[in-house]
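What follows is each chain in one-letter form.
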Amino acid sequence: MIARVIESASPRALALLAVVTAALLIAPYLVDSYVLSVLIIVLYFAYVGQAWNLMLGFAGQLSLGHALFVSLGAYTSAALFIKFGVPPVIGIFAAIAMAVVAGCLIGYLGFRFSIRGVYFALLTIAFAEFTGIIVDHISWLGASSGLFLPVKNQQSNDLLNLRGSPTMFYYVILALTGFAFALCSWLLNSKLGLYWQAIREDQEAAEASGVPLFRYKMIAVAISSGLTGIGGVWYAFYYNNLFPETMFKTSQSVEIILGSVVGGVGTLFGPILGAFVLTPLGEILTAATDGMHLDGVKSFFWGFCVAAIVLFRPQGLWPWIYDVLGLAPKKEGKR
Amino acid sequence: MLDVEDLSVFYGDAQALDGVSLSIEQGEIVAIVGANGAGKTSLIRTIGGMHRPTKGKIRFKGVDITGWPSYRVCDLGVGQVAEGRQIFPNMSVLENLEMGAMLPRARKLKARNLEHIYGLFPRLKERAGQFAGTLSGGEQQMLAIGRCLMGAPELVMFDEPSLGLAPAIVQNMLAIIRTLNQDGLTCMLVEQNVAVSLRLARHGYVLENGRIMLKGGGEELLADDRVRQAYLGL
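These protein sequence lines map, in sequence, to chains A and C. Numbering-wise, the numbering used here puts 23 at position 23 of the first sequence, and it's gapless, one number per residue. Quick note: to get the numbering used here, add 1000 to the position in the second sequence (first position is 1).
I should point out that these hints are in silico values taken from the structure, not numbers from a laboratory. Bear in mind that the values here come from a model prediction, so they are computed numbers and not experimental data. We treat Cβ as the ideally placed atom computed from N, Cα and C, and that holds for glycine. Hints are supplied without guarantee of correctness; some may be wrong.
[What the hints assert, rightly or not] Okay, derived cross-link-like pairs now, EDC-like style, lysine to aspartate or glutamate, Cα gap no bigger than 16 Å in a straight line:
{"#": "1", "chain 1": "C", "residue 1": "Lys-1215", "chain 2": "C", "residue 2": "Glu-1025"}
{"#": "2", "chain 1": "A", "residue 1": "Lys-191", "chain 2": "C", "residue 2": "Glu-1098"}
{"#": "3", "chain 1": "C", "residue 1": "Lys-1055", "chain 2": "C", "residue 2": "Asp-1006"}
{"#": "4", "chain 1": "C", "residue 1": "Lys-1061", "chain 2": "C", "residue 2": "Glu-1098"}
{"#": "5", "chain 1": "C", "residue 1": "Lys-1215", "chain 2": "C", "residue 2": "Glu-1005"}
{"#": "6", "chain 1": "A", "residue 1": "Lys-191", "chain 2": "C", "residue 2": "Glu-1095"}
[Unchecked claim] Just a few of them, taken from the derived set where beta-carbon distance is under 10 Å, the chain A residues facing chain C:
{"#": "7", "residue": "Ala-205"}
{"#": "8", "residue": "Ala-206"}
{"#": "9", "residue": "Ser-209"}
{"#": "10", "residue": "Gly-210"}
{"#": "11", "residue": "Pro-212"}
{"#": "12", "residue": "Leu-213"}
{"#": "13", "residue": "Arg-215"}
{"#": "14", "residue": "Ile-284"}
[What the hints assert, rightly or not] Derived DEER-like restraints, expressed as beta-carbon distance ranges:
{"#": "15", "chain 1": "C", "residue 1": "Gln-1130", "chain 2": "A", "residue 2": "Leu-160", "range": "47 to 55 Å"}
{"#": "16", "chain 1": "C", "residue 1": "Asp-1013", "chain 2": "A", "residue 2": "Val-38", "range": "55 to 63 Å"}
{"#": "17", "chain 1": "A", "residue 1": "Ala-23", "chain 2": "C", "residue 2": "Arg-1105", "range": "45 to 53 Å"}
{"#": "18", "chain 1": "A", "residue 1": "Gly-296", "chain 2": "C", "residue 2": "Asn-1090", "range": "53 to 61 Å"}
Make a model of the complete structure from these sequences and hints.
Quick look at the structure:
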């Protein structure tokens, strides 16, 4: 697979990819702790953005409720760790299972009853919001006062229990982002990817050609929600506190998708590029307006970014940069 | 080969088909003609498994396929060329064709069928690497037919194959359907273009408001006063 990717890419694209990868690998030794914390958030959004993009960008199913899968992954692994001492390296499987079950339930309802497009998106919002309300009333999970992970032992890195320094969390999320990228690139070039593309381009025609729509849409939702659930595990152990009123909110879901929308929905690099553009800009803006009582200035700015993208680069930044930098291979390629 | 019995279909409260019965023998061309909204597309979609009938039975090669999902109907050998050339515009011509050969019944025959289709439509071979959305209308229709044939169907339902094509290309398209039929493919031709399709078909049905109003031989229907008045303006 890797050989094929390398073969089909232009030398310039490969060089760029190598430089970026190398820079990311040594970054924690070059930057201060603040920049590192920003990079960590960037990679987190690149990862969950990639997972979300698999559903809309690859298979054409719009979800505005991915916060649900992050939250389920986060709450499941955190609760298992706090209440039963189950390390996240095991808890992650329960977290994936929870997210996939929730994803499949939503998918089943949506696809079985032909709820499409925006209406399907509304269904995903509804599930995220009402699950949030339920969690808000479960005192075992801390209800509205939140669920907290014990913070101790910060000096040594314990990968199995995901307790350690920001540098460790950085490498974990970097590895996850790399994994999601590799998985998505493999899926995109598989039979599955071709089916998804057909469904995305023309669902009716795909159905008429004998694509089992329900099955392949369910697979997309299952993979996407499972990947997002893994992101939730990382989130819980990095932030150490979970509040239902922020975790399950649609604004969280929107933050997940913004990077992909700006970077380029349906592309492999779009979610990563989008996260690298948006998150630092948002941080700079927050720092610059610190103490000016401009609450919500980040949301306003992001709204502005999305509007600008939709108006001027509706395909996202990546396809444009791809052309400008001349990354296309000599022979005709797809993306 | 195909037997449809007393088929009724609803979209919500609106009835699209009302007790439709028809049968197609192996190796023939059957035309279903009717005006816009008569239920032609609903008929194809229901036989193809994309819509569930409220009443009636559909049998193909003796197998009751009523209510089957479309991928199973396709895999049994029922192909459809949808109205308005539903191709995948951002996939290459070759990828479009490969999509048609994903059915279990067609996977092994892929290379042979591709050869056959390139022989039938040399233009598709020339444009194999091109995005399907860049093809002309006639070429897209060829691609839609080619993709359907990649699934190795025994019966193909054509939904308005002449729609939106220049007259010369329509003739070309009909010649292709005739050739395919001579090679053994059973064809169901659903058309607004009454004169052309009835001339091509051995049998025809006239569909009006979801009901079969008339049936008979193609030439016989063409000579029928009601058909001449309502559809040919004579």
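How the hints compare with the structure:
| no. | hint | in the structure |
| --- | --- | --- |
| 1 | Lys-1215(C) <-> Glu-1025(C) | holds (15 Å) |
| 2 | Lys-191(A) <-> Glu-1098(C) | holds (10 Å) |
| 3 | Lys-1055(C) <-> Asp-1006(C) | holds (7 Å) |
| 4 | Lys-1061(C) <-> Glu-1098(C) | violated (26 Å) |
| 5 | Lys-1215(C) <-> Glu-1005(C) | holds (15 Å) |
| 6 | Lys-191(A) <-> Glu-1095(C) | holds (11 Å) |
| 7 | Ala-205 | holds (3 Å) |
| 8 | Ala-206 | holds (8 Å) |
| 9 | Ser-209 | holds (5 Å) |
| 10 | Gly-210 | holds (3 Å) |
| 11 | Pro-212 | holds (4 Å) |
| 12 | Leu-213 | holds (8 Å) |
| 13 | Arg-215 | holds (8 Å) |
| 14 | Ile-284 | violated (36 Å) |
| 15 | Gln-1130(C) <-> Leu-160(A): 47 to 55 Å | holds (52 Å) |
| 16 | Asp-1013(C) <-> Val-38(A): 55 to 63 Å | holds (56 Å) |
| 17 | Ala-23(A) <-> Arg-1105(C): 45 to 53 Å | holds (51 Å) |
| 18 | Gly-296(A) <-> Asn-1090(C): 53 to 61 Å | violated (38 Å) |
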